[in-house]
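So the sequence lines, in the order shown, correspond to chains A and B.
Residues in the first sequence are numbered consecutively from 1, following my numbering.
Residues in the second sequence are numbered consecutively from 1001, following my numbering.
Rather than coming from a laboratory, the hints here were simulated on the basis of the structure.
Do not take every clue at face value.
Unchecked claim - From chain B, some residues computed to sit far from chain A (all C-beta separations above 10 Å): (1) 1265; (2) 1379; (3) 1380; (4) 1390; (5) 1396; (6) 1455.
Said to hold, decoys possible - In silico contact screen, one side only, chain A against chain B (beta carbon under 10 Å); selected entries: (7) 1; (8) 5; (9) 9; (10) 12; (11) 14; (12) 17; (13) 23; (14) 24; (15) 28; (16) 32; (17) 40; (18) 48; (19) 52; (20) 53.
Unchecked claim - Heads up, simulated SDA-like pairs for lysine to any residue below, C-alpha to C-alpha not over 20 Å straight-line: (21) A:62 <-> B:1062; (22) B:1392 <-> A:28; (23) B:1376 <-> A:23; (24) A:62 <-> B:1376; (25) B:1378 <-> A:9; (26) B:1392 <-> A:18; (27) B:1376 <-> A:9; (28) B:1378 <-> B:1107; (29) B:1392 <-> A:34; (30) B:1261 <-> B:1062; (31) B:1094 <-> B:1081; (32) A:62 <-> B:1203; (33) A:62 <-> B:1393; (34) B:1392 <-> A:9; (35) B:1378 <-> A:45; (36) A:37 <-> B:1227; (37) B:1378 <-> A:55; (38) B:1097 <-> B:1231; (39) B:1097 <-> A:34; (40) B:1392 <-> B:1203.
Idealized CB from N, CA, C, for every residue including glycine.
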Amino acid sequence: MPLIHTPNIADPDGFYEELISAQRDLSDEQAELMNAKLILVLANQVGDRATLTEALALARPKS
Amino acid sequence: MLKTYTYPKFPYRQSEEQKTGRPTPHAAVVVGAGPIGLTMALDLAARGLSVVVLDDNDTVSIGSRAVCYAKRPLEIWNRLGVAAPMVERGISWKVGKVFFRNDLAYSFDLLPEPHHQMPAMINLQQYYLEEALVGAAMRHDLVELRWKHKLLSLTQDEQGAQLTVETPDGIFRMQTDWVIACDGANSDTRRLLGAEFTGQFFQDRFLIADVVMQADFPTERWFWFDPPFHPNQSVLLHKQADNVWRIDFQLGWDADPEEEKKPERVIPRIQAMLGEKAKFELEWVSVYQFACRRMKDFRVGRVLFAGDAAHQVSPFGARGANTGVQDVDNLAWKLALVHADRAPVALLDSYHEERAFAADDNLLNSTRSTDFITPKSKGSRRFRDAVLELAKTETFARPLVNSGRLSTPTPYLDSSLNTPDAAPFKGRMSPGTPCADAPVLQSGAPAWLLPQLGEGFTLLCFGEQGITSVAAGDVQARVLRVGTEIIDAQGVLTERYDGQPGTCYLIRPDQHVAARWRRFDRALVESALRRCLALH
């Protein structure tokens, strides 16, 4: 399962709003923990190890 | 300042009724001679009502203010015969670029669909737009423009409204059946009625500078997030007519609006952006903050609110004036029919129903844009920056970038005036949707669909059929046959309306679909027409 690079989120504006609203009134620390959990939840959904490796490389700062 | 435009001064005249002290009963009084009030007057006059427009000033909009006008408002102005000079003078654009820090994040093309008479979007200074509207209003026998007339108080009963108005000659009273308040976000009319106006205020300030320059920038919309010349904030650059460029700097909540307006503060900001050597002159500068809010009810008895007086949005997406013109489109035919006793007053309640629905859609979109442009927490700023970084290489991230979602009409999909489909249709022309334009032939000559629809109800029929006009009460729907009165030579009309032979569309006076069928049935069409007139 190759990493999807093209738009694949239904209702992108609605999703983004929900993502930001989900963190309303959280402290920075709580928000960071929530993000970490969210990554793990979504990684589990993806499952495929090669895809996850590709995603990690894409997100990591290029130095 | 102001190197390209000389403000006209419209003559104040004392009215006969003020001179004699004997009020003349009026059908409709429009408060406010901005783009919405003037369009309202023209649309009511086009439908046979005589209209008086009151404005407390005597010139057009000071400074350019609204800039972008979208296809649907242009179609409405075209119906009223005033679009041509706007389109001719306006700047058409379709490419937008989004920058993040030093780099281009991505660029987009509005990719306007071909086969429409009006362009997807034009940029034009508000004063040019108003000048065209004032000219048309002055030429119209049914419109009377009264400059330097300020509304002081308003009372109303079952029969009408009584206005107290102040002019340079003192105070006098006016009597009218209807009042349409188009007096902007700080509406005096709304304040006089004590009507609720609630929503969200944004703690941010923006500097607008209209700058005259000969520049090599292409005619594109450029938006910067966190650029090196204005760190941590956003900047927008957009072209208008006469080499006037709109530059919009986000300043943050702590900025002092009076200080920031001073040329010695503004010029260095622009130099930082354009380079030390850039030659430009300031035309107009203003600092604003904004809110996203609306009235609870757009109708208060005999007073109807339209435009910013009824709802206010952030400027991202050009949704202010554009949605206000669509308020007018929705209200004018209803008010004209109710005033002529050809439809019940209940029809006016559908104005609030449909336009508050559209206002909520605009508020949602403009609030989302604002939240992206001005993140409210460290966490949301991080997401925003992540989206912008990813957008450089990842196309998936681009739909998440939000520098303003440009105004498109909100279809009234659940309106009580619609008759739902009984058969399946392809395409976008569901009941409640504004009619898409299409090229046609009329008497062998190229023409467009929308101008063929006329001022009243239309029954658009595909294929040869012996259909005659349909009526409900004394309102008629005129039949327009595709294949005889108009020819669909290119097939675009048939495709956009899924116009298989036998198909009929009932179209409202504001060019919205009310109902459609696969075959003509007089009883069903009459029932849909009654429903669309609130004649239950």
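Which hint numbers doesn't this structure obey? Hint check: 2, 3, 4, 5, 7, 17, 18, 19, 20, 21, 22, 24, 25, 26, 27, 28, 29, 31, 32, 35, 36, 37, 39 and 40 fail, others pass.
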